[in-house]
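Chains A and B supply the protein sequences, listed in that same order. Here the first sequence stands for residues 0 to 155, numbered as in numbering that gives the first Met the number 0. Here the second sequence stands for residues 0 to 155, numbered as in numbering that gives the first Met the number 0.
Bear in mind the hints are in silico, worked out from the structure with no lab data behind them. Computed from a predicted structure; not experimentally measured. Glycine residues also receive a C-beta, built at the ideal position from the N, C-alpha and C atoms. Wrong hints could be hidden among the right ones.
Unchecked claim - Label pairs and their computed distance ranges (CB to CB): (1) A:Gly150 - B:Arg143: 40 to 46 Å; (2) A:Asp57 - B:Val63: 28 to 34 Å; (3) A:Thr81 - B:Gly86: 42 to 48 Å; (4) A:Thr102 - B:Gly125: 40 to 46 Å; (5) B:Gly125 - A:Asp20: 30 to 36 Å; (6) B:Glu110 - A:Arg111: 31 to 37 Å; (7) A:Arg23 - B:Asp26: 37 to 43 Å; (8) B:Ile53 - A:Asp90: 31 to 37 Å; (9) A:Thr16 - B:Ser11: 32 to 38 Å; (10) A:Gly49 - B:Asp114: 16 to 22 Å; (11) A:Thr62 - B:Lys111: 40 to 46 Å; (12) B:Thr78 - A:Gly128: 24 to 30 Å.
Said to hold, decoys possible - Below, computed lysine-lysine pairings styled on DSSO-like, alpha-carbon distance capped at 30 Å: (13) B:Lys111 - B:Lys94; (14) B:Lys111 - A:Lys50; (15) B:Lys94 - A:Lys59; (16) B:Lys147 - B:Lys111; (17) A:Lys50 - A:Lys65; (18) B:Lys147 - B:Lys94; (19) B:Lys147 - A:Lys50; (20) A:Lys50 - B:Lys94; (21) A:Lys65 - B:Lys94.
What the hints assert, rightly or not - Partial list, computed: chain B residues near chain A (C-beta under 8 Å): (22) Val48; (23) His49; (24) Ile53; (25) Arg56; (26) Ile93; (27) Lys94; (28) Val95; (29) Asp114; (30) Asp116; (31) Ser132; (32) Trp135; (33) Cys136; (34) Gln137; (35) Arg143; (36) Lys147; (37) Phe149.
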Amino acid sequence: MTTTQTRTAESAAGVVTEFFDRYRAHDINGMADLCSINASLSYVPVEVWGKQRVLRGDGKVGTIGKPLWTGLVTAFPDLTNTVHTVAANDDGDVVAEVDIEGTQQLAWGLIRPAGQHYCEPHLFVFHVGPDLLIDSMTGYWNDAGISQQLGHEEVD
Amino acid sequence: MTSSQTETAPGSSAPASPATTVQAFLDAFARRDAAGALALVSPEATVTVHPLGIGGRGPGVLGVVLGDMIRAFPDLLVTTGRIITTGDVVTVLIKVEGTQAADYAGAINQEKHLDIDQAWRFTATGGVITGVSAYWCQQQLYRRLAVKRFDAIAIA
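For reference, chain A alone in the conformation it holds in the complex (with noise of 0.2 Å):
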C-alpha cells in the first residue's frame, strides 16, 4: 500500500476490500499492517458475562481484534467470508455487509466443537484514515445466529 495515494472513497473502499481479501486467507498479520498501529475495534455482540466483570469485544486491533481474529481461524480452520456490498465516502468511512462462516473443529467460547458449519451476515463500520490505514472497525452481528447453527442453545 503506498503512503502517497490520495484518500478517496474508492480508495477506501480498497483497503477494507483487501483486509477481507486477507482475512480469507487467514493473513492476520496481513489484515492488522491496514490498520493504524493504535487502531481501535469494537465487536459489539462480543460481550463475556463473568461473576464480577463484563469482558466485551472493545479494544484495539492490537490486543483485542488480533486475538479474536487468530482464534476465529483457529476454531473454524475453513473460515471464510463474502462480501455483499461497501459503501465508502471521501472521509474515509466505509461500511461493508459480509458474510463469515465457516466449521468448527475447536471450542469457541462456551461452544463445544461438533463439526457444525455456520453462516452469519455481517455488518461493519470501517474509518481509514489520510495515510490509506483503517483506524476503527465496529462489527455487529447476530451472536445467537451463530451459536444455534453450531448446535449451542444456551445464552450464556
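Following the hints, put chain B in place on chain A, whose structure we already have.
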C-alpha cells in the same frame, strides 16, 4: 400501506437528501410513531431484519418489527449515535432502550430493562427509503430479557 410519503428538503420542493430522509424516519421511530416512520418507506423497499429472520418488501414488513418493539417496550428510547452517509446508503448506529411490558420475540414479559446497540443500513433516493437492513445481536437481547436458552425462550 399502498404508497409512501416523499420527504422534501426544508423550504424546498426538492426531495430530501438520503440522510435527511433517514433522519426523519429515526425521528418518527424515536417518537414511537411507527406510522410516521413507515410513511417514508417505499412500497417496493427491500427489508431485512437479520436477527429476527425477517425479510420482505414494503412498509408492512417493517411495520411488524417497529410495532412489536413499540408495543413491548412502551417507554422505548431510541438514541442515534452516528449517521454515516455513503452515497445513497445511510448507516445509522443507534441504541435502543426500554422496559419490557409485553412478550417480545418469544420472550415472556419479566419487566426487564433492555439496552442494545444496533446498526441499520438504509438506502434512500428521492426522499423515500428503498432498502433497510437491520443488525443487532439477539443473544444480547435475550440476555437482557433473562432468557436462558434459545430452545426454551418462553420459559421463565
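Hints and how they fare:
1. A:Gly150 - B:Arg143: 40 to 46 Å: At 24 Å between Cβs, range violated.
2. A:Asp57 - B:Val63: 28 to 34 Å: holds, 32 Å
3. A:Thr81 - B:Gly86: 42 to 48 Å: violated, 22 Å
4. A:Thr102 - B:Gly125: 40 to 46 Å: Given a distance of about 44 Å, which is inside 40 to 46 Å, the answer is holds.
5. B:Gly125 - A:Asp20: 30 to 36 Å: holds, 35 Å
6. B:Glu110 - A:Arg111: 31 to 37 Å: holds, 34 Å
7. A:Arg23 - B:Asp26: 37 to 43 Å: About 40 Å separates the Cβ atoms of Arg23 of chain A and Asp26 of chain B, which means 37 to 43 Å holds.
8. B:Ile53 - A:Asp90: 31 to 37 Å: At roughly 32 Å between Cβ atoms, Asp90 of chain A and Ile53 of chain B fall inside 31 to 37 Å, so the hint holds.
9. A:Thr16 - B:Ser11: 32 to 38 Å: With a Cβ separation near 37 Å, Thr16 of chain A and Ser11 of chain B satisfy 32 to 38 Å, so the hint holds.
10. A:Gly49 - B:Asp114: 16 to 22 Å: Roughly 19 Å apart at Cβ, these two residues keep to the hinted range, so it holds.
11. A:Thr62 - B:Lys111: 40 to 46 Å: violated, 32 Å
12. B:Thr78 - A:Gly128: 24 to 30 Å: holds, 27 Å
13. B:Lys111 - B:Lys94: holds, 16 Å
14. B:Lys111 - A:Lys50: holds, 20 Å
15. B:Lys94 - A:Lys59: Given pair Lys94 of chain B, Lys59 of chain A holds - Cα atoms ~22 Å apart, limit 30 Å.
16. B:Lys147 - B:Lys111: holds, 14 Å
17. A:Lys50 - A:Lys65: holds, 26 Å
18. B:Lys147 - B:Lys94: holds, 23 Å
19. B:Lys147 - A:Lys50: holds, 16 Å
20. A:Lys50 - B:Lys94: holds, 25 Å
21. A:Lys65 - B:Lys94: holds, 27 Å
22. Val48: For Val48 of chain B, the interface hint is violated, since the closest Cβ of chain A sits about 10 Å away, which is over 8 Å.
23. His49: holds, 5 Å
24. Ile53: Violated - the Cβ of Ile53 of chain B stays beyond 8 Å from chain A, reaching only about 12 Å at its closest.
25. Arg56: Constraint on Arg56 of chain B not satisfied, violated at 18 Å.
26. Ile93: Violated, because the Cβ-Cβ distance from Ile93 of chain B to chain A comes to roughly 11 Å (cut-off 8 Å).
27. Lys94: Status violated, d = 10 Å.
28. Val95: violated, 12 Å
29. Asp114: violated, 12 Å
30. Asp116: The hint holds - Asp116 of chain B has a Cβ within 8 Å of chain A, the shortest such distance being about 5 Å.
31. Ser132: This hint holds: Ser132 of chain B lies near chain A, its Cβ roughly 7 Å from the closest one there, short of 8 Å.
32. Trp135: holds, 6 Å
33. Cys136: holds, 4 Å
34. Gln137: holds, 4 Å
35. Arg143: violated, 10 Å
36. Lys147: Constraint on Lys147 of chain B satisfied, holds at 6 Å.
37. Phe149: At about 5 Å, which falls below the 8 Å cut-off, the nearest Cβ of chain A leaves the hint on Phe149 of chain B intact, so it holds.
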